[in-house]
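S.K.: One-letter residues, chain by chain:
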Amino acid sequence: MHKMRRAAVRAAIVGAAILGAGVAGTAQAQAPVKIGLVLPYSAGPFVAIANEITDSMALALEESGYMAAGRKIEILREDTTHKPDVAQAKAKKLVFEDKVDMLVGPVASAELTALFDFAHQAKVPLIIPNAGDNEVTGEKCSPWVLRTSFSNDQIVRDMGRWMAGKGFKKVALLAFDYKAGHQLMGGFKKPFTEAGGTIVTEQYPPFGRLSDFGPWLGKIRDAKPDAVFTFFAGPPATLLVQQFKEFGLDREMKLAGAGWLVSPLSLPSQGKAAAGVIGVLNYVPAIDNPVNKSYQERFQAKFKRTGSEFGAQGYDTGKLIHAALTQAGGKTDDKAALVKAMHAVRIEGTRGPLRIDPRTNNVVQDIYVFETELQGDKVGYKVLDRIRDVQDPPNGCKLGG
Amino acid sequence: MTPPASHSRHAVALLLAVLAVGYWLASGYYGKELVAETAITAILAMSLSLLVGQAGLVSLGHAAYFGIGAYALAGFGQKLGWPPALAMAAAVAVGALLALVVGWVAVRLAGVFFIMITLAVGEMIHAWFLKDRSFGGVGGMSGVPRLDLSGIGVDLADPAQFALFALAVALLVYLLLDRLVLSPFGQTLRAIHQNEERARALGCPVGRYKLAAFVVAGAVAALAGTLAAQRSAFVSPELMTWTLSGEILIVVIVGGSGSLLGVSAAAALWIGLRHQLSTMTDHWMLAMGVIFVVLVLVAGDGIDGALRGLWRRIAARRAARRAA
Amino acid sequence: MIIQLLNGLQLAMLLFLLSVGLSVVFGLMRFVNLAHGTLFMLGAFVGLSTVEATGSFWLALAAGTLAAAVAGGLLYLGLLRRLQPAGPLKQVLVTFGLIFIGLEVARLVWGDYAERLPGPASLAGATEIFGVYYPTYRLFVIALGLAVAALLHFGLERTRLGAVIRAGVDDRTMTAALGIDIDRVFFAVFVVGCALAGLAGVVAGPVLSVYAGMDMGVLILALVVVVIGGPGSLKGAFAGALLVGMAETFGQVWLPEVAGMLLYGLMAAVLVLRPQGLLPAGPRA
Amino acid sequence: MTAPALAAEGLQKSFGALEATRSVTLAVPAGGRHAIIGPNGAGKTTLFNLLSGALMPDAGRVLLGGTDVTRDGPDGRARRGLARSFQRNSLFPEMTVAAALMTASAIADGGAAAFWRRFDRDPARADAAAAIAARVGLADQLGALSGNLAYGAQRQLEIGLALATRPSVLLLDEPTAGMSPEETRAMLALLAGLPRTITILVIEHDMDVVFDLAERVTVLDYGAVLLEGTPADIRTSDVVRRRYLGERTQ
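Residue numbers (the working numbering), protein chains in the order written: chain Y, 1 to 401; chain E, 1 to 324; chain C, 1 to 285; chain P, 1 to 250.
Hints listed in this document are in silico derivations from the structure and should not be mistaken for laboratory results. Even for Gly, the Cβ is constructed at its ideal location relative to N, Cα and C. A portion of the hints provided could be inaccurate.
Cβ-Cβ distance ranges computed for the label pairs, FRET-style [claimed, not checked]:
1) Tyr151(P) x Ala320(E): 25 to 35 Å
2) Ser8(E) x Tyr151(P): 29 to 39 Å
3) Ala269(C) x Tyr151(P): 42 to 52 Å
BS3-like, lysine-lysine: derived pairs with alpha carbons at most 30 Å apart [said to hold, decoys possible]:
4) Lys140(Y) x Lys331(Y)
5) Lys79(E) x Lys254(Y)
6) Lys79(E) x Lys123(Y)
Can you build the whole structure from these sequences, using the hints too?
M.R.: See below:
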């Protein structure tokens, strides 16, 4: 069954090739640290995000020449083909067959549900580089599942007060009818109404059916809100931004939403319609700090496009893992100690200071409110506000720590 | 197509089982996962083969009953807390009941219209569970209970043992369906398939026989669904997409629709090919598409036809040698 | 209210362009071309590349339509004609395999990112109609759909080729017996159907955006239109498209809970109550 | 007087403007041999389909052994003992002659519902099938695939399948269509040899068959009964001759 290992060896060689430029140092004959990536590389709508995370994580690990505390780091890549049962089967293969020390992934929530139980039972650290389901670091948290990306609530919790403070009294909500949609809209709604705002309409178009936003935008126009707060990513985000302008709603109200709405991945296809949108997210390419600057330069040099928030999360995940491995002195056989090391480290990521909160295993990070604007003939980002050190309450997570 | 003599069929069945166990022994972790996935897919393919191969009813929505079996197990077992064995039986019953309701309407239609209504119902059920948040909606639901076989020293949580369990169930399903195919009921289904008007003129209540086949196929597909749910202790709408229905239909057609063994072998080929290709390239679907189109064009009646052609040639050569 | 009506009409026209080819081919040759959605996607992508290269939406419209027509022709000559005697099942399955191929080829050539096919500058922004601001481009889509419907109606009802096609739908063997080279007629109809799918793809670009995998959702909607309207007939495709367009638009706003299921329930009901569809082709569909 | 094995009362059927069957009434006593003749387009096939249940009448009744079966479909009537043969061979092409005959008998006597027993290991049914095969002259082709039989043999199997359901009433749709003279003679011998427990109604063009086989004949003209009587009455009736026979015989 060596055939199946060939993909793993192929990835390792790629890693080693980059190693050439790395630190000479005498590499003891220790076995390498193995990190298993479980991402949707071939089917479904998240292939682009899977590649962004993988490419950016490589950028981070290159800086150390794939070395941490004297041990080589080996990346093993497995494709979930966007099927939850395949994701779980591949994770089992990585853990039991390839003996990886930790897992990184997935992207979609269905695959997260499938991987979560397995990582918890197998007691193998699972690091989530994207999916934002609140429960995973809330009432259903696990000592083995850490998250370096965000929780849905973390992104929008302060946006309600911010928008109320900026004079937006009446807001309409719009998001797809699935768990993440309801968590993000709920996270915005409570603080916004407490700050005196009123929700005029709350609509949830069915998930997975991309016909057209005309019907819902029609209803929003009738409700005459000051602004619309939305959650969409990928093709639907491109569509909504376009149709918001086509229906002339941009003359009557402000478009706002979770930052993925105007992600660098969608900007090229949105064109000028994406200007003038208020977003809130844990990352904006325009963040002014040295780590982000070097990351964007190297990413744009290598991939000829702006690094997205998914890339930034991939890069920071690489840095966090590397810091933890150094903190743990390269020892990975005691998985609990490895998790403790993850809790102990603090790093300067693309998003600013980052650490893992021991009480929830969720990342503590700054959240940025920004606006898109025309910069020359292209649409760029302007940071409006920076909310520091946003940390989730335990919400029923009994990790203590 | 009339099944070949039974002793040769059982020999081939044994051969397939030995091959599967051999692969299971030789393979590492992931190989055992593939054996489990192949056994489950074979059960699902055999259930569809009863419909397509025997009764001539081509369904493009068969994944719906597979998914319903999985979700029913999750509902009874996890949400209502029933003992897993009871929950599994109830899930199979729900699959049969759904097939009864849908089949009662669908069997009145013929040809492409039958394909369309099975597709429509499949998509309707998929749309429902995509939206229904009590089962976790798009994200699906975990914590599905597994059968407790500790009494006989088997722990189904261990994927290796689960694979053998799934293989055993597949073998059992083969034996049961084989008896059904060879029974007067199976013979009548073939009569309906070959000439429905004549079967009716001889006194056969054609609608009821088609409905019975639809219900049995639905129940067996639900059984496969309960196994899939237990394998990953997790259910999601991905279990009932129309692309899965299409893949299973491809497996049945490529396997030579009427032969239970042909479709089981085709299931193994399909899963193995999909896995092997996906380790080589991210664009494995392109290769699968090409392979499938070629197989449909070339294979007259699929693997089963090829097997039988081979069998006949061997027999002929042997006879010629004896005569010479 | 008026906005929803216009949205419904716009979706209806888009669906009509897409499903009329599927419906007439089904009526003539009794088989469903599941790769019809793939041709829709091909049209959209070729249109996208043309706009990026030439900057002209109208060139893209022509290029997308032509590409789908050529692809349809090759598909018919290369695969489908050979499978004609094998009956509808084999043809349906081959086209199912083509979906896999089409998806990956699109991903290989055009990548995984969603792009928006920019509409023509002249149709940008919104115009006032019935006292409401409505995107000009969508009015163009409605107009285009109506124009194509009228053109096809004229072609089918008034010209000799139209008569031959209707006869072919009604009774294929009889028409062939009359010495008409029915295969060439079907080939022409099949290519025109694919061309219309490509046209619908380019036209949908600015509304639905263009990405690998956009074919699935649209194909299911087209199948619902064909079944509800009555396969094989132009009037059926038009009526079916109107019904589905309105049901999808109003359903999602007024009955969001049931919206997802509404369409398929409608299709199942029509299949049972009137299998031949609302406006079937000949007297004896 | 026991009820007729097969009776039709005032059967009416029209397709749009065309009145295919105009208030046809006929009665065939148990064990009787009745024939229906008429020129092309006289409505023979429509009447046959009304009797077999393939078509539902607009008005009138069909009775089988006295019970009203008008609303029963072909399978309902077959289960009540009415069997029919098809003008264009309608067989099970991929089944051997033996398997086809066994299947027909299993369907008729409800044995088909068994889902546990082995179909091909049922000696009693196999022997019965062999007996029927012998009766219709196919004893030596039991193993042949129905689809591969010669045309004449397929016509014999067509009758065999109907007989395999042990019917009380047998409807024959032009049994000798497309047969050579000696094949026709063989078929006539076969039909004449059928036991009197079976009532036979035959539609036929071939006058020899009608006059050899039938005890009573109904002449149809434009969907209505022109005349009913013994073959002799028909042969001598000038009404029939002018309308039907006259144009044909020397």
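S.K.: A separate judgement is required for each hint: does it hold in the structure or not?
M.R.: Results for each hint:
no.	hint	verdict
1	Tyr151(P) x Ala320(E): 25 to 35 Å	holds (32 Å)
2	Ser8(E) x Tyr151(P): 29 to 39 Å	holds (34 Å)
3	Ala269(C) x Tyr151(P): 42 to 52 Å	holds (46 Å)
4	Lys140(Y) x Lys331(Y)	holds (28 Å)
5	Lys79(E) x Lys254(Y)	violated (43 Å)
6	Lys79(E) x Lys123(Y)	holds (25 Å)
Violated hint for the displayed structure: number 5, the only one.
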